[in-house]
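Residue numbers (the numbering used here), protein chains in the order written: chain P, 1 to 437; chain X, 438 to 974.
Keep in mind that a hint or two might mislead.
[As the list claims (entries may be wrong)] Okay, the calculated bits of chain X under chain P, using three or more residues with CB under 8 Å as the criterion:
hint, segment
1, 614–626
2, 703–714
3, 739–746
4, 772–782
5, 877–886
Hints in this document: simulated from the structure, not taken from any laboratory.
We treat Cβ as the ideally placed atom computed from N, Cα and C, and that holds for glycine.
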Amino acid sequence: MKAAALFAAVGVLSALVGFSSQKASAPEWTVIIGGQTDGYLSPCGCTKPMSGGIRRRVSAIRQLATGNALILDSGGLAVGAGPQDEMKADALAEALVSAKADAVLLSGADAVLGVANLSSLTTRLDGRLLSTSVTASDRLPLVPSVAKGPFAVGGVLVNPSAFRALGETVRDPAEAAEAFVAELSPGAVPVLLTDGGKDAAVDLAEKNPELRLIVFRQTGEPLTAPIKVGKTLLVTVGEQGKHVLRFKLDAGALTEYRAIRLGQEYDDDPKVAVIHQAYLRRVADAGLLEALPRTVTDRYVGSEACLPCHTQEHAIWKGSRHSSALATLEADGHQRDPDCVSCHVVGLDSESGFRSREKTPTLSDVGCESCHGPGERHSREPKRFPFKKVGEDSCTGCHRGSTSPNFDFLTYWKKIQHGPVENQGISSGHEEIKKTR
Amino acid sequence: MTLALCFLVATVAQETPVISFPPGVHPEFQRVCLAAQLALSAGQFDKAGRLLDRLPGSEIQLEWDDRNIPAGNRPSFEQARDEAIAQWARFPAMPRVLLAKKAAIKVSFEPKLNLNVATGLPAGAVSIYSEGTTPRLEVVIGLSRGVPAEPTKPTEVRNEIIHAVASYLGLGESPLFGTAAGRTDLPSSGRVGIFPLELDTIKANLAIVATLRKAVQERSKVVAGSAKLATDAGSLDAGEVIQGQPTPYSIQITNNGTGVLNYRTQGDCGCVKAVPPGTVKPGETVFIRPHIDTTDFVGELNKKLILFTNDTEEPAKTFPLKVFIRPKFRWFAPNGVVLVLDDKPGTAEVILQTPLAGTAKTEKTHIDGIETTFQMLPWSGELADPEMREGKRARTGTRYLITIDPKNLTGRRMVGVSVPTDDRSQPVTRTTFLVQKGIICLPNEVFMGQLPAGVKKFSTLVSRPGKPFKIRSATADSAEISLKFAPTTDSARPDEYKLEVTYLGKAPFGPVTGTITIVTDDPKQPKLLLPFQGTAG
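Work the whole structure out from these sequences, hints included.
Here it is as structure tokens:
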């Protein structure tokens with residue numbers, strides 16, 4: 001029985017070759033869908049279980065896009081207005097060109113970049129920025145649809161008001177979808193990208209039964225199986241570009257749906273790694289970290305100031321990964337990236353907080369004051385100003401879903417457990433954990 | 438008390454221990470244990486003993502068949518194997534893994550494996566359990582993986598050996614790659630680890646094996662049963678909550694089986710607050726109340742809760758969680774986010790809506806980015822917020838009229854308005870807007886990034902909204918690029934031009950940098966300088 005199972009499982013290449021040659025006459029297509037990036041260009045490099053990122057995404061696309069492939073991006077070039085958002089959008093566009101994406105949806109949220117930046121992106125994306133809703137113009141030469149092989153791809157904004165506010169000519173979603181369907185050639189496989197949610201996608205599918213696939217926006221993970229509305233399949237990439245979807249086109253039908261999580265099993269694509277490094281250099285050169293707004297708070301003094309009285313706690317901290325938190329960013333080139341640095345240093349949002357390793361060495365890394373707050377008054381008059389006791393809440397500011405997916409308070413607390421025994425776990429957060437377990 | 442002991446309850450009779458499997462248990466492990474328990478019940482102690490020989494003891498022997506490994510790869514693969522064994526040795530409660538011939542686990546290699554139907558990729562490794570022969574578990578690792586095929590790396594060999602030992606110790610496959618039970622067929626340089634919850638499951642498994650072996654020795658019986666999960670909900674929608682409020686979800690778990698149902702939960706995000714592990718006796722029902730911490734989110738949120746149980750037919754059930762979160766603090770810019778100035782001061786308007794929860798300390802408002810004067814006025818009116826799915830509706834709040842003198846302003850600047858709050862999770866609420874004076878280039882540099890061997894185009898808009906001007910010429914101080922410009926608006930009185938920058942694709946390897954000089958007809962701004970930068974090669 002074991003021999004039979006092994007025979008079935010192990011390298012029966014001749015059977016595979018036979019299967020392939022039978023299929024060789026029919027052109028096969030693979031559809032690969034990524035996107036909904038929403039500013040999440042890359043994990044910070046701080047915890048390995050973090051998923052997603054354009055480097056892994058393009059690596060996955062290259063693996064999946066063998067033979068004839070339609071490569072789509074469901075958009076989300078930006079979430080905010082500002083230099084870093086613009087730089088991210090540029091880098092993302094470069095990566096998508098490198099990945100040979102066929103169409104990139106213009107989302108309603110992208111309006112935040114402004115017409116000038118979007119104009120620059122249309123040039124950078126070289127005919128890939130797709131919108132059936134926003135009318136193309138000299139300054140915004142969008143493509144209303146993309147045709148490739150048997151496919152026709154359209155892009156509909158469900159809430160186009162932000163583009164109207166920018167002075168662009170915009171069609172309502174129903175009108176845009178109808179216009180796309182009206183232009184279809186006979187036998188085309190129509191695919192619609194939309195920035196609307198599931199309800200909007202269901203509505204579009206019901207009104208336009210010709211559509212074969214609609215890609216909608218949704219937070220969380222992709223669906224385990226597509227939603228079916230008549231003959232239309234509805235799918236979502238899920239939040240922050242952490243997955244890609246794949247279909248095969250078989251006799252005009254989309255089959256073999258797979259949602260692939262971009263975990264650490266995907267190596268970085270070397271070409272996109274170069275683009276990403278250039279982005280990080282650009283962020284550093286622009287001095288965005290230095291330009292962050294800061295507020296006046298009590299003064300930070302650094303963990304070394306705690307050493308004389310709290311020798312044991314200092315030693316525990318020194319032995320923890322918190323004490324080398326900035327180095328983990330430096331290893332991946334993110335040490336001047338405002339998206340990442342605040343969780344790897346002390347008091348980045350304060351006038352007296354971290355500036356740089358050179359200027360404020362004792363505020364580099366995650367220190368005592370990262371959780372307990374500014375310590376200048378406590379270090380001066382410890383009894384009068386006792387150090388703030390903190391609970392799980394002080395961890396979850398940084399150890400949150402996207403950055404620390406495996407975070408479990410009790411497990412992680414054991415790694416840094418400190419303070420007098422009678423004081424450990426006295427905050428409300430600790431008590432709650434003790435009661436519930 | 439360890440989790441392992443929690444799953445062993447000696448209550449039915451003084452001499453009859455009850456075994457109950459932990460969530461995350463491997464179906465094959467559970468099957469053999471239940472077969473041994475049945476044999477014990479039937480008084481077939483020798484048969485039970487033989488069955489238990491298939492399960493792990495204090496040592497695990499591993500046979501390494503390197504015959505198919507190319508000679509050049511053998512040293513690095515052996516090192517990877519030893520690294521995997523060392524990973525298990527880090528935990529004193531785990532059995533020692535030793536190399537041996539004719540062992541319980543055999544690892545061998547084949548040039549290429551067949552397709553894994555579940556993933557659509559060539560299998561990276563195949564595991565086969567056998568009945569009553571040695572090896573008990575045979576793991577065949579492909580010497581290539583992925584499409585197109587890549588040679589298998591030592592890290593992947595290391596991971597597969599960790600997975601093999603985990604499987605043998607009764608750990609069921611997990612959807613979470615990076616863990617001892619979460620494997621992938623894809624090429625990967627990621628290194629998997631052994632996680633605390635996995636160790637708990639293994640410890641519970643080992644305790645069950647010990648109980649069964651003791652029963653064989655003492656020729657006594659053990660009580661066991663199968664758990665059968667039933668739940669009331671497929672998905673959960675919390676409707677609308679205000680940011681920071683927990684979501685009220687409830688799931689009813691019923692055990693329709695004959696053995697105790699053990700469960701644990703895990704979210705797909707740190708924001709999903711799962712519930713502690715628990716048990717449900719046969720025929721009983723419990724409610725669990727997970728929630729989402731909505732502090733860091735606004736708008737629609739869709740997450741998942743995974744319920745792991747010892748029901749072998751439904752070992753991991755996923756519950757989609759949905760909620761719509763309204764932000765506590767909200768800003769509006771009724772006249773847009775860009776203020777264009779000429780020579781006179783101008784005023785920007787932003788509105789902070791009265792918070793839905795907490796207090797904004799408007800008296801401590803701080804404005805950064807540029808020198809301004811500002812006024813704060815109570816405000817009420819009607820505004821829409823399409824992002825929050827809200828049409829025009831009556832709102833109240835604080836109106837900020839921020840006056841900016843263009844005297845010291847050139848180009849475009851970002852202005853920030855920050856208001857401290859009494860909310861610990863959001864101590865400051867902040868909005869930004871842009872202020873611009875004169876003719877500007879946007880983007881204000883041509884970032885060309887990594888340049889290929891070939892022509893590549895970039896563009897920027899040169900504009901002064903509402904105030905027409907003319908570009909007379911545009912020149913670059915580099916022969917590597919060419920320039921073209923044309924108005925995008927009314928060509929008789931243009932207030933915006935598109936400048937197309939074409940990299941000609943002929944630069945030698947290295948940086949391509951320089952400055953574009955744009956000459957205009959405006960005597961106050963006769964020349965604009967636009968830097969460009971990229972790297973050829």
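Numbers of unmet hints, in rising order:
Hint check: nothing fails, all pass.
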